[in-house]
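Colleague: These are the residues of each chain, in order.
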Amino acid sequence: MNKHILKIAGAGGLSSLLAFGVAQAQDPITLTVVSWGGAYTESQVRAYHEPYMEMNPHITIVNDDGSANALAGLRAQSQAGNVTWDLVDMLPSDAQLACDEGILLQIDHDEMLEPAPDGTPASEDFYDGSLGECYVSSIVYSTVLTYNREMFPEDKQPSTINDLFDPEGYPGRRALQDRPGTNLEWALYADGVDRDEIYDVLRTEEGQDRAFEKLSTIKDHLLFWTEGAQAPQLLADQEVSFTTGYNGRIFNAAQVEGQPFEIIWDGQIVEWDGWVIPAGGQHEEEVLKFVRWATDTQRLADQAKYISYGPARASSADLVGEHADLGIDMAPHMPTAPKNYQTPILLNNDFWTDYGDELRERFANWMLQ
Amino acid sequence: MTQADASAGSTASSPTEGLVTADGVSLKRSLQRAERRRRLMAFLLVSPLLAFILIIFIWPIAQMMWRSVDNPQVVEALPRTLEALEEWDGEGLPGEEVYAALARDFIEDQKLPRIEQKAGPLGIRLNYELSAARGAVARTVGDVPDFEPPYKEAFLDAHRLWGSTELWRVIEREGRPLTASYYVAATDREYNADGDIVLRDENRRIYVPLFGRTLGLSLTILGLTFLLGFPIAYYMSILPMRTANLLMICVLLPFWTSLLVRTTAWIVLLQQQGVINETLIAAGLLTDDGRLSLMYNMTGTVVAMTHILLPFMVLPLYSVMRTIPPSYMRAAKSLGATPFTAFRRVYFPQTLPGIGAGGVLVFIIAIGYYITPALVGGQDGRMISNEIARHMQQSLNWGLAAALGTMLLVGVLILYWAYNRLVGTDSLKLG
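Line by line, the protein sequences are chains A and B.
Position 94 of the first sequence, counted from 1, bears residue number 94 in my numbering, the numbering being contiguous throughout.
Basically my numbering = 1-based index in the second sequence + 1000.
The shape of chain B in the complex, shown without the other chains (with noise of 0.2 Å):
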C-alpha cells in the first residue's frame, strides 16, 4: 500500500482489521482491489496522453539531446587508422604504418556504395574542429587508390593538412563515440595543442556572450509585460463583467493574430520612414536627420516581444484578481490604513500567484523566442535560439545546435528549480 493510501486510512485501519465483506473477503483486501482498480482505470485513461507526450515530445527531446554526445563519424570512417594512432605520442607526425593504415581506410570506403561512404561525414565532422579538414578529405580520397607507397609522402603531396600534427590530434581526440567538443564550442571554448580546454580567441566567442543577453532580454521583457499587464489586470478585475469581457477581447485579439502578421506590423511602425518616426516629424519633435531607430536593434525585439508576451502576464494576473474580495481592502482602509498600505501590505500580497504563473510564461516563452528577433531584432536584438536555429537549419552543424539547446532546456530548468524553492510552485495560479 503506498504512504498516501497508508495515512489517509490511518485513523480507520485498526477497526478494519477484523472486518470482512458480506462474500467473507477481509474489508482491507476487498478496499484494495477496489482501490488498485481505481488507480488501473484512471492509468488506462491517460496512457493515451502519456504515450503522446513520450513519443512526440520526451523521446525528440531525449534524441536531439543524445547528438550533443554522439561522435560516430571518426570511429566509423577510420578504424585502421585509429588503431595504427595509438601507438602515436602526439609529437611530430605519425608514422607510415599511420598513413598506410588511412590508404586502406579510404580505399575501404571507396568500395562502398555512395550512400553508405563515411568520408563525406568524416571530413564535414572534422572540418568542425579544424578549418579546411573537409577539402583535405574530399581531395583526397578518390585519388587514394592510385597512391604508391611511402603513403605518407603520398598524402603529404595530396593536401597540406596531412603533413599538420594539429589534424592528426584531432582525429585523435574525435576517434571515440562520444565527444565533449560540441559542448567546449558551445561555452566558446576550445582544445589547445596540449588538449586542454581554453578560452577562444576573442573574435571568435559568440555563445556566452549570447546566453547572456537572452537572459537579459528576456528579464527585460518580464518586467515590462509585468509593469504594463499589472495595471490592465486590475482595472479589468474591478470593472463589470461585461466591459471586462470588452476589454478581455483586447487583450485576447493579438493572440487569435498570426504572430508574423503582428511582427510585420511592428516593422511598419518603428522603421525609420514608419508610422512612429513620421508622426513625430510631423508633431515637431523630430527632425528629418535625427529620425529614431527603434528597429533592427534591441529596442525592437523588446518592443515587439513585450507585446507577443503581453496576454500571457495579464491573464493569470486578472484570474488570480478576480478571486480577491474587494472587502478586504475595505477592511484594511476601515482599521487605519492609508490606500498604499492597504495595496502594499494586503492586496500585492495576494496576487503574487498569478504574478508567479505569468512571470514563469512569460520568462520561459521569451528565453526560446527566435522568428521575432530575427525579423526585427537586426545584430544587436538576437537571442540564442537564433543560432541553435541556424546551427539546425544552415550550417547543419546539430551536434554543437544539440549542445546549445541542451544548455538552454537545462538553464530553463534549474531557473524553474530555484524558483520553486524559493517561491515554490504551488502558489502558481494559471486561471
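Looking at chain A on its own, in the form it has when it is part of the complex (with noise of 0.2 Å):
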C-alpha cells in the first residue's frame, strides 16, 4: 500500500517536474494590453487574464489604462517603428479609423476565432456589428441616463429621456459627456424624432440645427464629464441630479458601492467595444492565441460576471449566470435584456466616422457660446 502512494507521489511528482520542464522551455513572454482602467479592466484581468496566466505560466499579461487615448498611441508607436502595446480595447469607431491608416492587423474571422461550441462560425456567432476589418468585439455596453433617486420626491421619479429635457418638472443640474456623440441622438429622441430616422435626420443641416435647439433649451443647467469615472462621482456628490454614464460603472457604483442611483433604460444608446491588434507587434502569434482564447463563448460569458456588459456572442448568452462576488443573477443588468431593450438607439459609427470632425467642432462652438 505505502509503496504504491509513493509510486503515485513519484509520477506525479514526475510529471509536474517534467511539466515544469516544458513551461521552463518556453521562453517567458510579457504582453501589454491597453484597456480603459477601472472596473472594466478589473472585470478582464479576473476573467481572461488570471486564468490565461495560469493556463500558461511563460506568459505575463500587463495592463496599461491608455485606452482613452489609444489612436494616439497606436500610430505614435506605429510611426517611431517601436510597438510595444500587443493588443487594445478600443472603440468600433476608433478601431475603424486606426484600421483605415493600416495600422491594425487584419483579422479573418473565421479563421483566427474559435467557433461557438455546437460548431456555429464564428462570423456568424457574433452579433451583427460586431466584428471589424480589424475589431472583434468583446461587450456590448450602453450609454445611459442615470438619476439620484435621493434628488427626487418619491412619488416623481423621472423615467424617460424626455425628463432630462424637462428642468421644470425635473429639477436639478444635468451632466453629459463633452462630445456631441450620444448626446445629439438623445435631443432628436427627445423631440420626437423616430429611433430608426435619427441618423438620417442627423445627416441633414436642419436635423442638427434641430438637436442643437433642443440641447440649448436645457444649457444653463448642463455640467460636461470627460472621463467615465466622472459622471458616477458628481451624481454621488449629488453636483447634478442627472449625468449620462456608461451602464458598467453606474452598476458598479450602484450595485457594488450602494449608491442610489437608478438607470433609464429608455433611449439607451448601445454600441460595441472590443479588441484590435496593432500591426507590427513583437508577439503576434501569441495575442493571436490569447484573443481566440479570450473572445470564445464561455470566455465571453465569464467576464459578464464582473461587470454589467452583454457579451458580444450569441452564444455566450445562455450561459451569464450570477455576479462574482455579489451574488446578484446579472443578466437583468445586461443591456441587453428583454426589459432594457425595449428602446434602444443603436450608435451609427459610420455617421460618426463621416460627420464627427465638423459635428464635434460644432459641439465645441455650442459649448463656448
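Derived from the structure by calculation, the hints contain no laboratory data.
Note that the coordinates shown come from a computational prediction; the quantities given were computed from them, not determined experimentally.
Among the clues, some could well be false.
What the hints assert, rightly or not - Sample of chain A residues facing chain B (criterion: CB under 10 Å; computed from the structure):
1) Ala98
2) Gln177
3) Glu197
4) Gly280
Claimed, not checked - Not everything, but these chain B residues come out facing chain A in the computed CB check (under 7 Å):
5) Gln1117
6) Gln1272
7) Ser1319
8) Met1321
9) Arg1322
10) Pro1325
11) Pro1326
12) Leu1396
Said to hold, decoys possible - Not close to chain A: a few residues of chain B, all C-beta gaps over 12 Å, as computed:
13) Glu1096
14) Met1295
15) Met1329
Where is the CB? At the ideal position from N, CA and C, for every residue including glycine.
The task is to assemble the complex, starting from two chains supplied on their own in separate frames and drawing on the hints.
Modeller: Right, here's the structure in full:
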C-alpha cells in the first residue's frame, strides 16, 4: 500500500517536474494589454488575464490604462517603428480609423476566432456589427441616463429621456459627456424623432440645427464630464441630479458601492467595445492565441460575472450567470435584457466617422457660447 | 578675431604687435591660440546639453511644426487622378478620363500590402475638409476592381459624393505636397466654392475665440498672482531669515504636491456640495437654493490656476526684494517722502526685475496649461491647449493640432519679443 502511494507520488512528482520543464522551455513572454482602467479592466483581469496566465505560466499580462488615447498611442508607436502594445481595447469607430490608416492587423474572423460550441462559425455567432475588418468585439455596452433617487420625491421619479429635457418638472443640474455623440441622438429622440430615423435626420443641416436647439433649452442646467469615472462621482456628490454614463460603471456604483442610482433604460445608446491588434507587434502569434481563447463563448460569458456588459456572442447569452462577488443574477442588468432593451438606439459608427469632425467642431462652438 | 576680443584687447593691441613669447611666437598668435583652446573647451563642455536640447527639444518642435503644412496623403494616393485633373476647369464634374484614372489609382493601391495602402489616410485627410468624404473613399475602394467602364457612372452609383464638385475641388486643392488648410481651419476660416478663404459659419468658429479667452485668462491669472504674491514676497523679505524660511516652505509646499492632488483638492473645496458652499450655508450667508457655482466654469479655472502658479510669482519677487537694502526706504523717508511716495518712487521700481521675471514665467506657463482647465473648467473655463490636446489624442488630426500649437508658440515668442523691446530681458531676475 505504502509502496503504491509512493509510486503515485513519485509519478506525480515526475510529471509535475516534466510540466515544469516544458514551461521552462518556453521563453517567458510579457504581453501588454491596453484597456480602459477601473472596473472594466478589473473585469478583464479576472475573466481573461488571470486564468490565462495560470494556464500558460510563461506568459505575463501587463495592463496599461491607455485606451482613452489609444489612437494617438497606436499611431505614435507605428510611426516610431516601436510597437510596444500587444493588444488594445477600443471602440469600433476608433478601430476603423486606425484600420484605415493600416496600423492594425487585419482579422480573418472564421480563421482566427473560435467557433461556438455547436460549431457555428464565429462570423455568424457574433452579433451583427460587432466584427470589423481589424476588430473583434467582446462586449456590448450602453450609454444610459441615470439619476440619483434621493434627489427626487418618491412619487415623481424620472423615467424617460424626455425628463432630462424638462428642468422644471425634474429640477437639478444635468451632466453630459463633452462630445456630440449620444447627446445629439438624445436631443432628437426627445424632440420626437423616431429612433430608426435619428441618423437620417442628423445627416441634414436642419436636423443638426434641431438637435442643437433642443440641447440649448437645457444648457443653463448642464455640466460636462470627460472621463467615464467622473459621471458617477458627480451624481454621488449630488452635484447633478442626472448624468449620462456607461451602464457598467453605473452598475458598479449602484450595486457594489450601494449608491442610490437608478438607470433609465429608455433611449439607451448601444455600442460595441473590443479588441484590436496593433500591426508590427513583437508577439503576434501569442496575442492571436490569447484573443482566440479570450473571445470564445465561455470567456465572454465569464466577463459578465464581473461587470454588467453583455457578451458580444449570441452563444454566450445563456451562460451569463451571477455576479462573482455579489451573487446577484446578472442577466437583468445587461443592456440587452429584454426588459431593458425596449427602446434602444444603436450607435451608428459610420455616421460618426463621417460627420464626427464637423459635429465635434460645432459642439465645441456650442459649448463656448 | 571676434569683435568682443578685438574691443577687449583694443587698449592693449598696439603694444602686443611686436611682442613675442619666450619660444619666439608672436604674443598675439599665442593669445589667440590659448583663446581658441579655451573656447573649444567651453563648447565641448556644453555640447552634451546642446545635443540633448537639439534632439529632444528643438527637433521634435520643428517636426511638429512641419506637420502643420505637410500634406502627402492626396499626392501619394492619387497620382494619376491629379494628373488627369489638370485639364479640369473647376466647373461641373470632371470627365470620364479623371474617373478612369481614379479607378486605376484605387486598383493599384489595393495591390499593395495593407500597411502601405494609401486609400485609408486619403479618406481621413479628405474628411477634414469635407464631411463624409472618408465614407466615400472607404465604401468605394474595395469595389473598384469590379467596376466596368464608363467609370464615371460606376463611381456616381457607388457614393453620392463622387458626384459632388465640392469633393473634386478639395482633391484638386489638397493635391499638393504642402498645404495651408490647417492654418485656414485654425483661424476659423474655410475655402469657398471660388477657392477664396472666408470666415466659417458662425456656429463652427471655435479657435479664435478660444485664443482670445486663453489670453484673457492668462492675463487675469497673471494679475491675481501679482496681487497675491507681492505682499507675501514683501512680508517674507522683511522677516528674519528663520521665519522667512518657514514661510517659504509654505509657499513651496504646493510645488511638492502632485498637480492632480492639488486640483482634486480644489474640487472638494469648490463644488456645490463642497466645503466653501457648505460653510457659507452653515453661516447663514447663503440659502440652500442659492449655492455658488465656483467650479466647472471660468471661476474654477482661475482659482485653481492662480494657486498653482503663485510660487512662480513669489520666488523671483522674493529673491529680488531680499537684495533691496531697507536703508533706501529710510533714506527716502528722511528726505521727506510719505511712506506711499517712498514705496512708489524708491521701493517699487527696484522690484521691477522680479515682477518682470515672475510675470513672464506665470504668463507663459498659464497660456499652455491644460490639465487643470480640463478638470475644473467645465465648458467656459477651457483654453486653447485643451483643443490641441484633443486633436492630438482623440480626433488624431495632428496637422490641425500642429497648426494651433505653432500659432500658440509664435504668439508667445511675439509677446516675449514685445516684452523685451518694452522692458528689456536684461532686467529679468529669476533669483
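Colleague: Hint by hint, say whether it matches the structure.
Modeller: Evaluated hints:
no. : hint    : in the structure
1   : Ala98   : 9 Å, holds
2   : Gln177  : 12 Å, violated
3   : Glu197  : 18 Å, violated
4   : Gly280  : 8 Å, holds
5   : Gln1117 : 6 Å, holds
6   : Gln1272 : 6 Å, holds
7   : Ser1319 : 39 Å, violated
8   : Met1321 : 41 Å, violated
9   : Arg1322 : 43 Å, violated
10  : Pro1325 : 51 Å, violated
11  : Pro1326 : 50 Å, violated
12  : Leu1396 : 5 Å, holds
13  : Glu1096 : 27 Å, holds
14  : Met1295 : 9 Å, violated
15  : Met1329 : 48 Å, holds
When each numbered hint is compared with the structure, violations occur for hints 2, 3, 7, 8, 9, 10, 11, 14.
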